[in-house]
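One-letter residues, chain by chain:
2 protein chains.
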Amino acid sequence: MYVLGIDGGQTSTKCILLTLEGHTLGTGNGGGLLHLAAESGVTRLRSSLQEAIKAAFEAASLPVQPVCAIGLGLTGVENAESPEAELARAVVRELVPAERIWIENDGVAALLGAHLGAAGAVVISGTGSILVGLRQDGRLVRIGGWGWLVGDEGSAVWFGMAAARAVFHALDGIGAPTALTTLLRMHFGVDDVRSLKRLLYAADFGARGFAALAPLVGRAAAEADDVAQSILAEGASALAQAAQALYKAMDFAEQPLPLALIGGAWEHVPGLRQSFEKALGQLSVQLRAPALAPIYGAALGAIRASGADWRYAAQNMQRR
Amino acid sequence: MYVLGIDGGQTSTKCILLTLEGHTLGTGNGGGLLHLAAESGVTRLRSSLQEAIKAAFEAASLPVQPVCAIGLGLTGVENAESPEAELARAVVRELVPAERIWIENDGVAALLGAHLGAAGAVVISGTGSILVGLRQDGRLVRIGGWGWLVGDEGSAVWFGMAAARAVFHALDGIGAPTALTTLLRMHFGVDDVRSLKRLLYAADFGARGFAALAPLVGRAAAEADDVAQSILAEGASALAQAAQALYKAMDFAEQPLPLALIGGAWEHVPGLRQSFEKALGQLSVQLRAPALAPIYGAALGAIRASGADWRYAAQNMQRR
Numbered sequence: 196m197y198v199l200g201i202d203g204g205q206t207s208t209k210c211i212l213l214t215l216e217g218h219t220l221g222t223g224n225g226g227g228l229l230h231l232a233a234e235s236g237v238t239r240l241r242s243s244l245q246e247a248i249k250a251a252f253e254a255a256s257l258p259v260q261p262v263c264a265i266g267l268g269l270t271g272v273e274n275a276e277s278p279e280a281e282l283a284r285a286v287v288r289e290l291v292p293a294e295r296i297w298i299e300n301d302g303v304a305a306l307l308g309a310h311l312g313a314a315g316a317v318v319i320s321g322t323g324s325i326l327v328g329l330r331q332d333g334r335l336v337r338i339g340g341w342g343w344l345v346g347d348e349g350s351a352v353w354f355g356m357a358a359a360r361a362v363f364h365a366l367d368g369i370g371a372p373t374a375l376t377t378l379l380r381m382h383f384g385v386d387d388v389r390s391l392k393r394l395l396y397a398a399d400f401g402a403r404g405f406a407a408l409a410p411l412v413g414r415a416a417a418e419a420d421d422v423a424q425s426i427l428a429e430g431a432s433a434l435a436q437a438a439q440a441l442y443k444a445m446d447f448a449e450q451p452l453p454l455a456l457i458g459g460a461w462e463h464v465p466g467l468r469q470s471f472e473k474a475l476g477q478l479s480v481q482l483r484a485p486a487l488a489p490i491y492g493a494a495l496g497a498i499r500a501s502g503a504d505w506r507y508a509a510q511n512m513q514r515r
Numbered sequence: 196m197y198v199l200g201i202d203g204g205q206t207s208t209k210c211i212l213l214t215l216e217g218h219t220l221g222t223g224n225g226g227g228l229l230h231l232a233a234e235s236g237v238t239r240l241r242s243s244l245q246e247a248i249k250a251a252f253e254a255a256s257l258p259v260q261p262v263c264a265i266g267l268g269l270t271g272v273e274n275a276e277s278p279e280a281e282l283a284r285a286v287v288r289e290l291v292p293a294e295r296i297w298i299e300n301d302g303v304a305a306l307l308g309a310h311l312g313a314a315g316a317v318v319i320s321g322t323g324s325i326l327v328g329l330r331q332d333g334r335l336v337r338i339g340g341w342g343w344l345v346g347d348e349g350s351a352v353w354f355g356m357a358a359a360r361a362v363f364h365a366l367d368g369i370g371a372p373t374a375l376t377t378l379l380r381m382h383f384g385v386d387d388v389r390s391l392k393r394l395l396y397a398a399d400f401g402a403r404g405f406a407a408l409a410p411l412v413g414r415a416a417a418e419a420d421d422v423a424q425s426i427l428a429e430g431a432s433a434l435a436q437a438a439q440a441l442y443k444a445m446d447f448a449e450q451p452l453p454l455a456l457i458g459g460a461w462e463h464v465p466g467l468r469q470s471f472e473k474a475l476g477q478l479s480v481q482l483r484a485p486a487l488a489p490i491y492g493a494a495l496g497a498i499r500a501s502g503a504d505w506r507y508a509a510q511n512m513q514r515r
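If you read the protein sequences in the order shown, they are chains A and B. For the first sequence, the tail end lands on 515 under this note's numbering, and the numbers increase by one without skipping. For the second sequence, the tail end lands on 515 under this note's numbering, and the numbers increase by one without skipping.
Hint data in this document are derived by calculation from the structure and do not stem from the laboratory. All values reported here derive from a predicted model rather than from experimental measurement. Treat each hint with caution, since some may be false.
Note: identical chains are not told apart, hence a pair may lie in one copy or across any two.
Said to hold, decoys possible - Simulated pairs of lysine to aspartate or glutamate, DMTMM-like, Cα-Cα distance not exceeding 25 Å:
hint	residue 1	residue 2
1	Lys392	Glu273
2	Lys392	Glu429
3	Lys443	Asp421
4	Lys392	Asp332
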């Protein structure tokens, strides 16, 4: 019997087709997801899922067919019981009949993948930021993930917004001059910093546009720009503070908490990882590379929900 | 001959019909403006202006007719030469023929009104925040006004976003517990703070929705809530820092800078004015009530552009 694992993010939707034993048969991609509450959110979810699922079956040279279980880790889904999860469940049921549908926030899928379903935590900093932990008693802990307008500190969007703010502050004489001014001017191809405002508020800029500015902060910081270094330190410190709050809510008093860093910001913002480790201070954690990518976490969620031997499947996934 | 003064903000558009000597004949209101770069921004500008102009003429029992000058202070217009100003000029020309059209950012109209065209400055904190000064040599100075995503510190939107962030931080155990949690739950009529996220990101919430939360910060601060007091102090300090930067860019070394506080946040956020005055420290300013409302500033801009005696007109406006 087959299992589908789906990782639905803002940029793209990935689907993987596996056997119940964790052997990969094919993978496929679809478009990104909008927030499900957004006007065309459901239409977008349907088309992105359909595209990714079809591609995964095609890659396995199989027709789209009923599966034993589907696991979905989706951005914008608060938890398995939220209205968004219900919506997504209904949509996915139409696309592929399945005996079991496991659905969760994409952070939870990342967590299951990172520690193969064992207790531990992940610090996700991609477009947005969120920390998720699985306690030894099986309970989930979640910190952050409040979105780009009032949260997501230390995410790519947060760094991009901070960069723009710093450039305007420098122009106004409120903040120190910064190399970010030149970097942003070059990024947008404009001479006049004032004209940046118009670009930042364009309808199609939004969270993704700000996220694309994040690497500039790391670059300027690496070139010893004080303002960029402050932003980098502030973002790293916000993530470390969140990690401290997460640690308190976990039950790892006796041993170091396994912690995996996941998401594009860790790769694309030079120096973020080092600043974060420094800001963690004496916190008793054990930094680890994630064992499996989030999409395998979603598949593990599905396999577990179907009652099959998910630990055995996880071993096979690792051997791929 | 007649003159029109127009104050176009995000919430409403006000129009006043006056004689060239500054005597008010009628006033009218129209809908609010979207950013002119927004999809239906121009359509909205046209209908809101038309509505307000028609109402002002009607209030004066006059048919809509050509005027000698129109002055417009519009939100979203960077300055008299920006593309948005060109757009607005074309739209208003279609509605009412005029010999002269004066158009500026709404902050400049507020400044002209506040100090009757004399040198001085205004600190505007409404939905957004911006500081504008007129130097003794006639040059304009502008600080802030970078919009709600990357600026507008100390504005109603900024306070509302800070309040939501504080509530989530308290929930996550990153920040201290705060009375804002209860106040926000009551404001939205929800039991579960987590469900606030969905409401804050609803398509029709946005800047205006956050601005409506600002008074809660003042209320909680007045009731000795530490978190709210910190937010209040931080917002006030950001406005004071902007005022310091503005002061440096002005040419008032020998005398105190006349400074008027304008905008809804000063009224609706209890304690903001006192915190701001405290944060100003030793800065040599003379706080003053604005002589005239922004709409009269727009009319003064028009009268000045037409070459008439605008100082005389200003006196008559004050006598109304």
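Going down the list of hints, with the structure as the test:
no.: 1; hint: Lys392 <-> Glu273; in the structure: between (32 Å within a copy, 9 Å between copies)
no.: 2; hint: Lys392 <-> Glu429; in the structure: both (23 Å within a copy, 24 Å between copies)
no.: 3; hint: Lys443 <-> Asp421; in the structure: between (32 Å within a copy, 23 Å between copies)
no.: 4; hint: Lys392 <-> Asp332; in the structure: neither (49 Å within a copy, 27 Å between copies)
When held up to the earlier numbered hints, the structure conflicts with hint 4 and nothing else.
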